[in-house]
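**Student:** Sequence:
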Amino acid sequence: MKSRISRRRFLQGTIAAGAAAATLPSLSLIAGEVEHSTPSGVTYAQNWCEMCFWKCGLTAKVVDGKVTKLEGQKSCPSNFGKLCAKGNSGVFQLYDPDRLKKPLIRTGERGSGQFKEVSWDEAIKYVAEKCNALKGKYGPETFTLFAHGSGEHSFVDLLHIMGSPNICIPSYAQCTGSRDIGWALTYGKPVGGKEPVDSENAKCIMLLGRNIAEALHVGELQDFINGCANGAYVIYVDPRYSKTAAKANKYMMIKPGTDTALVLAMINYILVKEIYNKDFVDNYTYGLEELKEHVRQYTVKWAAGITEIPEQDIIEAANKLCEAAPHCYIHPGRRLTRYGTDTQFVRAIAILNALMGNWEQPGGIYKPVPLKLDTPHMVHDLEKVDTERADGAGTEFPIASTDLGLANKMMQAIAQQKHPLKGMFVYGCNPFHNQGSADTVEKAIKASELIVTCEIYMTDTAWYSDVILPESTYLERYDPIIITSRKSGYIQYREPAVPPLHDTLGGWEIAARLSKAMGYENHFMDVREYNKEFLESIGLTEENMKKHGCLVGAEGDPFPIASGAEPEFHTPSGKAELFSSMMDDLGYEAMPSYEAPPMPRGDEFRLLFGRLSFHTHARTQNNAWLLALHHSQVELWINSERAKNLGIKNGDDVCIVKGDKKSHACIAKVVDNIHKDAIFIPHGFGSVSKMLTRISGVGARDSDFTSDETDPISGSAGFHNGFVKVVKA
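Numbering (the numbering used here), first residue to last: 18 to 746.
Don't read these hints as lab results, they were simulated from the structure.
Incorrect hints may appear among the rest.
Claimed, not checked - List of simulated lysine-lysine pairs, DSS-like, C-alpha gap at most 30 Å: (1) K533 x K463; (2) K533 x K264; (3) K463 x K661; (4) K679 x K211; (5) K264 x K78; (6) K337 x K533; (7) K118 x K142; (8) K337 x K91.
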């Protein structure tokens with residue numbers, strides 16, 4: 018009889034930060050001091066970067082009260098002393114005249130851009146009175162939150178105090194939800210925010226659309242570069258020849274939407290040839306015979322016809338991985354919100370990794386080594402709200418995280434008003450750009466009676482808000498100390514390099530003021546009070562952190578299986594599951610199958626979008642330093658043959674069209690090395706907000722043209738079934 022594991026334990030596993038960790042005495046000051054002299058007029062402040070969410074450690078150099086340079090902390094495991102272009106441009110963000118400078122209350126119609134500047138007392142009182150009225154009329158569940166960034170927990174805690182469960186961290190439904198659920202169904206634990214792939218020691222690396230060279234998660238990229246330098250054979254699969262493709266030994270241009278077919282054919286080939294890691298598979302996996310029978314139909318010949326990748330290339334990729342096993346990996350991916358079938362795609366990737374036997378092996382998947390510390394709580398007497406959510410997480414989608422929520426489904430719920438969702442809070446994110454349908458966001462805004470945005474810029478979402486609460490940038494504020502885990506566990510410290518330049522506050526102070534004004538008695542700790550208590554509990558002081566910035570715990574073992582330990586899989590069978598018992602119990606298909614996505618018509622293109630190496634998450638697109646790197650041009654990649662048929666030449670101004678929607682102008686990048694079915698644009702442009710002075714009306718807002726489909730297992734979004742036309746501007 019199969020053993021069972023509870024849904025609650027599974028959900029806890031998908032969001033856990035880690036289990037067995039370094040013990041308290043192992044925390045040692047091995048980070049090394051910041052090597053700077055401090056002449057008169059020059060000071061240094063410790064921080065972590067907030068230009069994306071990799072949290073690279075940095076030190077800000079301040080000369081006569083002005084930040085002049087940001088430098089990477091040499092021993093921070095997130096970046097080991099390096100900063101990317103985005104990280105360096107944080108100086109410009111600090112001094113950007115486009116920043117929000119004072120609290121604002123809307124005076125005209127939503128979207129008119131008409132606001133009045135008010136004091137913090139007036140803004141806080143206005144929001145508190147509106148919220149109390151809404152709560153009295155509709156109940157506490159009327160409030161929703163969309164939040165992302167280092168300060169997100171301030172507003173998460175505020176929503177719990179207010180009594181609402183409807184909290185969404187958009188990166189889950191819009192990026193990692195399908196991936197982490199697919200991984201947890203297979204191994205009993207999610208991938209986690211810093212993908213634990215050991216590139217440095219890998220002999221073979223396979224990447225399916227993971228453009229690792231341009232994502233510029235600095236530590237991850239450094240590991241990848243070191244792996245390449247050490248001789249790793251790199252296989253890169255993508256409809257577009259990206260910068261990562263240029264680093265690969267083998268690039269395979271794939272027909273968009275057919276990745277699952279490729280992986281299933283590789284699994285079949287490996288099983289038929291019996292070149293998988295027999296020791297690991299026989300001892301530590303569940304469902305091998307069922308898998309063999311299931312994938313019998315997915316031959317290499319069949320996959321070649323589906324994917325448009327030659328049979329020999331598929332065979333060679335499979336052989337290269339098996340020759341390198343267990344010192345190899347197939348990257349679990351990051352933004353796995355593509356075709357609405359992504360949980361099963363990730364299951365296929367996880368199964369292929371299991372056949373390599375690379376779990377907790379050098380060059381494969383390592384075990385993050387966290388620090389297990391008993392930290393204080395920023396909010397005293399806080400009870401998590403555990404009532405039914407409006408987005409279906411935990412009910413309609415039973416294994417979706419109820420802590421992180423489904424931002425796509427929540428926005429739909431607000432728009433449809435099946436529940437009276439009338440009060441929307443937005444912290445540090447931009448739903449107009451991160452949802453699959455800008456139309457749905459607009460409907461949700463019209464259905465809401467109060468929209469409060471906490472931001473540093475007048476984003477498109479802020480432009481349509483009722484109240485805007487300006488947050489200090491990361492270089493102007495303290496935040497609670499964070500704990501991060503890679504091959505070592507480490508703590509990071511943030512202090513202001515300069516006082517706030519404008520009338521802005523940190524997220525924690527804003528949330529505390531709102532809570533008090535609404536009449537709640539929960540006590541928010543001051544950030545510095547929290548940090549002091551945190552450090553005292555482990556025998557350190559704030560002076561330690563001001564000196565080091567990042568403190569690393571003593572090394573643990575990221576490869577316990579390679580060291581002889583027995584693996585632990587928190588799955589129903591206690592093994593890595595090729596056949597998923599939980600999926601079977603819930604009525605889902607227990608093993609992944611290929612499901613053909615919808616295809617564009619002859620005159621259409623599939624819209625693909627993604628990151629550039631100098632932009633991320635729509636928070637860097639208005640940065641003048643970064644815009645200068647590409648002359649403020651937004652390129653649209655289009656296949657040479659298709660462009661010729663449309664009379665489009667390289668450098669032409671072109672627009673994307675879908676129904677009655679038409680984008681602002683992009684610059685045609687006419688190339689052979691993108692699949693003829695697809696076009697590609699960088700994410701985060703096409704803003705309507707007039708206060709983003711450098712990019713307002715420039716490029717395409719992808720959310721106007723993407724699909725807004727739902728993965729039936731994870732509840733996450735599927736963006737890449739959006740079909741468009743391209744015309745000359």
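**Student:** Please go over all the hints and tell whether each is borne out by the structure.
**Tutor:** A quick look at each hint next to the structure:
For the hint linking K533 to K463, the alpha-carbon distance of about 28 Å falls within 30 Å, and the restraint holds. Using a Cα cut-off of 30 Å, the hinted pair K533 and K264 is violated, with the two alpha carbons roughly 54 Å apart. Simply put, K463 and K661 have alpha-carbon atoms about 42 Å apart, too far for the 30 Å limit, and the pair is violated. Using a Cα cut-off of 30 Å, the hinted pair K679 and K211 is violated, with the two alpha carbons roughly 37 Å apart.
Proximity of K264 to K78 is assessed by CA-CA distance (about 34 Å); at most 30 Å being required, the pair is judged violated. Distance hint between K337 and K533 is unfulfilled; the C-alpha atoms sit about 61 Å from each other, more than 30 Å. A hinted pair counts as satisfied when its Cα atoms are at most 30 Å apart, and K118 with K142 qualifies at roughly 19 Å. Taken as a hint, the K337 and K91 pair is broken in the structure, with Cα atoms around 35 Å apart against an allowance of 30 Å.
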